[in-house]
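Start from the sequences, fold in the hints, and give me the full structure.
For the record, the sequence lines run as chains A and B. For the record, in the first sequence the residue sitting at position 96 is 96 according to the working numbering, with numbers rising by one throughout. For the record, in the second sequence the residue sitting at position 313 is 611 according to the working numbering, with numbers rising by one throughout.
The set of hints was computed from the structure by calculation and includes no laboratory data. Possibly wrong hints are sitting among the right ones.
[Claimed, not checked] Heads up, simulated SDA-like pairs for lysine to any residue below, C-alpha to C-alpha not over 20 Å straight-line:
1) A/197 to A/277
2) A/226 to A/240
3) A/184 to A/228
4) A/197 to A/283
5) B/312 to A/153
6) B/558 to B/640
7) A/148 to B/640
8) A/17 to A/52
9) A/148 to B/351
10) B/312 to A/154
11) A/148 to B/349
12) B/305 to A/52
All of these numbers come straight from a predicted model, not from anything done at the bench.
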Amino acid sequence: MATIIESPKSLTQADFKGRVDPDWCPGCGDFGVLAAVQKALVELQIPNHQIVTVSGIGCSSNFPGFIETYGMHTLHGRSLPVATGLKMANHELTVLVTGGDGDGLGIGGNHLTHTMRRNVDLTYIIMDNQIYGLTTGQTSPTSRLGMKTKSTPHGNIEGPINPITMALAAGATFVARGFSGEQKHLTELIRLAIQHKGFSFLDVFSPCVTYNKDNTFQWFRPRVKKLEDDPAYDATDWLAAMEKSTLWGEEIPIGRFYERTDLPSLDQAEPVLKDGPMVGRSAHIDPAVAQSFIEELM
Amino acid sequence: MSRHLMKGNEAIVKSAILAGCRGFYGYPITPASEITEAAAALMPQVGGVFLQAESEVAAINMLYGAASAGVRAMTASSGPGISLMQEGISYMAGAELPCVIADITRGGPGLGNIASEQSDYHQVVKGGGHGNYRTLVLAPHSVQEMADLTVLAFELADRYRNPVVLLADGFMGQMMEPVEFPEVATEPRLPRWAVAGTDASRGNVITSMHLDTDKLEAHVRQLEAKYFITEQREARAEDWRTEDAEIVLVGYGIVARILKAVAAEARAAGLPVGVLRPITLYPFPTLHFQRLTARARAFLVVEMSNGQLVGDVRLALNGARPVEFFSRVGGNAPTHLEVLAEVQDLARRHLAGAPAEEELIVHV
Ligand SMILES: Cc1ncc(C[n+]2csc(CCOP(=O)(O)OP(=O)(O)O)c2C)c(N)n1
Ligand code: SF4
Ligand SMILES: [Mg+2]
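Following this line, the structure appears as structure tokens:
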């Protein structure tokens with residue numbers, strides 16, 4: 001008979017329920033992302049106090065308020081630099097970063113590129129609704145060509161960013177796409193992303209039921225095809241991932257496009273963090289050391 | 299001339315188009331998004347370019363580009379977005395480029411809230427960016443003025459080759475009032491300094507960089523001289539029943555409208571109260587204040603910020619009269635009863651029959 005080892009009290013989804021009820025519109029895709037994150041945390045059994053959820057500004061960025069972890073609601077577009085600072089101060093924390101397509105790919109796009117390049121050990125979930133939800137429906141960097149929004153009343157003349165291709169090109173070491181309407185699959189992706197040591201990028205279709213009448217649950221559902229259903233797909237093959245990332249239209253791949261585990265994350269690469277996190281360390285400086293750097297002529 | 303009922307945010311865009319603005323680069327933010335959305339709808343109808351930037355940092359630099367090419371261009375934002383534009387504003391002031399920026403203010407600091415405050419005064423009027431520069435700042439208090447001052451903003455921007463900010467609170471943007479527009483639209487000429495792609499403009503260089511210390515000093519002195527001229531010529535204020543006022547209420551934007559109601563009521567009760575409303579916040583209408591000291595015994599500054607305008611009023615009066623202060627913040631507007639109570643208190647202390655000076659010390 002197999003022995004089942006149980007921790008004294010295992011965490012359930014209720015333990016990750018936030019103290020504030022989400023203020024999202026009924027039917028918003030963000031509910032599914034929140035649920036999947038909570039389920040993944042239950043699977044991983046990470047104690048609440050070891051997790052920090054960091055966000056920018058947007059409907060999706062209200063996320064930290066709705067989950068029972070430490071939370072930081074930061075500046076529009078700046079969640080990644082804030083999370084980088086946090087991670088480098090205490091790399092033992094599990095840091096989840098959430099936000100919208102505008103927050104992450106528009107105003108925060110520059111930070112995204114550099115956070116991927118640095119391989120900061122964060123799990124970054126873009127709740128991609130192809131619109132600016134919080135500001136009531138303007139075009140976003142993932143809005144399709146021709147889409148009519150409040151700021152493109154004559155139709156969008158710009159083409160969208162492809163977040164997956166972009167993440168692959170920028171050097172993200174874990175790149176995946178999920179769909180709020182595919183709970184089990186999304187939960188699995190989030191679990192893998194959190195377990196990945198390094199920067200995990202997750203673009204999640206999370207329909208805005210109020211302001212985006214183009215990219216609805218009904219629109220996505222028949223189109224999304226799981227990469228995991230193709231046994232021949234090799235998620236360690238960067239070129240294959242690049243090629244898959246360009247598929248869009250009647251078939252849109254979701255799943256883990258790419259993962260590599262041979263590169264150190266930023267905290268692993270940083271020599272001063274070898275002995276443990278910065279936080280809680282004594283700031284004591286040996287007088288001889290102090291003397292020597294004061295005397296050092298730069 | 300016909301009058302049309304509309305929101306302040308909408309009036310700004312229509313007026314800008316009539317003032318010859320053909321470039322709008324914006325980024326959504328409540329409560330200024332409607333300006334961006336109106337520009338998105340209307341600009342293409344007159345052959346103007348609208349572009350939603352990826353951030354306010356991008357938007358202000360798009361203005362830098364448009365202005366350099368000699369096109370009248372504008373943007374609109376609010377608190378956090380204006381903070382992000384400060385770097386670009388400093389560069390534009392340094393490179394002497396005209397542009398118009400509408401700041402429809404909200405509550406701060408940080409994300410604050412989306413209710414109306416006037417707490418952008420310092421960052422806009424004093425210049426939130428680096429270096430020796432000023433922005434000209436206009437403060438409308440009606441939808442008609444949202445339209446009129448937008449036209450003036452473009453004129454001043456071109457005349458002084460400098461960024462001009464239209465500073466309005468969220469109420470001004472949302473409020474609906476009838477507006478009259480000019481019957482003839484402005485057709486601005488291509489500025490001779492622009493990088494225009496013509497043979498005549500070949501030698502034009504747009505830059506804010508002057509590595510030589512003497513050259514930068516000369517440049518800064520020249521900017522100073524320009525600002526000095528604006529102080530002499532462009533300061534504007536509205537005097538509302540100040541001719542016999544012994545108590546002068548001071549406020550701009552929505553606050554000025556509350557103050558007029560308060561002053562009217564105080565007058566009905568026999569108190570000689572008037573309102574001085576700065577229309578230009580920079581250049582500050584210093585002379586308007588000094589003129590009133592002949593009669594006025596005390597000034598009461600009312601703001602929806604924690605004491606930003608009051609500093610300029612004190613500088614303008616330079617100790618000549620006591621200046622008192624009342625504010626509401628967080629997105630709350632002062633009620634007319636609150637202000638009236640302040641006025642009555644002020645009258646008790648400063649008008650004929652008031653107690654001796656020593657007792658006043660805590661109030662000044
Ligand atoms: C500097 C700054 N500019 C603009 C805003 C206004 N703003 C808040 S959220 C947002 C975009 C929201 O879109 P997205 O990031 O896609 O999130 P969603 O609401 O769609 O989840 C904007 C423009 C802001 N808060 N700060
Ligand atoms: S506006 Fe859209 S994104 Fe925001 S909560 Fe509502 S449905 Fe969700
Ligand atoms: Mg969005």
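Hint check results:
Under the criterion of a C-alpha separation no larger than 20 Å, the hint pairing residue 197 of chain A with residue 277 of chain A is consistent with the structure, at around 16 Å. Simply put, residue 226 of chain A and residue 240 of chain A have alpha-carbon atoms about 15 Å apart, close enough for the 20 Å limit, and the pair holds. For the suggested pair residue 184 of chain A and residue 228 of chain A, the alpha carbons sit about 12 Å apart, so the restraint of at most 20 Å is met. A hinted pair counts as satisfied when its Cα atoms are at most 20 Å apart, and residue 197 of chain A with residue 283 of chain A does not qualify at roughly 28 Å.
A C-alpha spacing of about 17 Å is found between residue 312 of chain B and residue 153 of chain A, which places the hinted pair at or below 20 Å, so the restraint holds. Straight-line distance between C-alpha atoms of residue 558 of chain B and residue 640 of chain B comes to about 14 Å, which keeps the hinted pair within the 20 Å bound. In summary, the hint linking residue 148 of chain A to residue 640 of chain B is not supported, as the alpha carbons are separated by about 51 Å, beyond the 20 Å threshold. Between residue 17 of chain A and residue 52 of chain A the CA atoms are separated by roughly 14 Å; this keeps the pair inside 20 Å, and the hint holds.
Restraint check: the Cα-Cα separation between residue 148 of chain A and residue 351 of chain B comes to about 17 Å, which is no more than 20 Å; the hinted pair holds. Proximity of residue 312 of chain B to residue 154 of chain A is assessed by CA-CA distance (about 18 Å); at most 20 Å being required, the pair is judged to hold. Taken as a hint, the residue 148 of chain A and residue 349 of chain B pair is honoured in the structure, with Cα atoms around 14 Å apart against an allowance of 20 Å. As the CA atoms of residue 305 of chain B and residue 52 of chain A are separated by approximately 43 Å, the hinted pair breaks the 20 Å bound.
In summary, the numbered hints that this structure violates are 4, 7 and 12.
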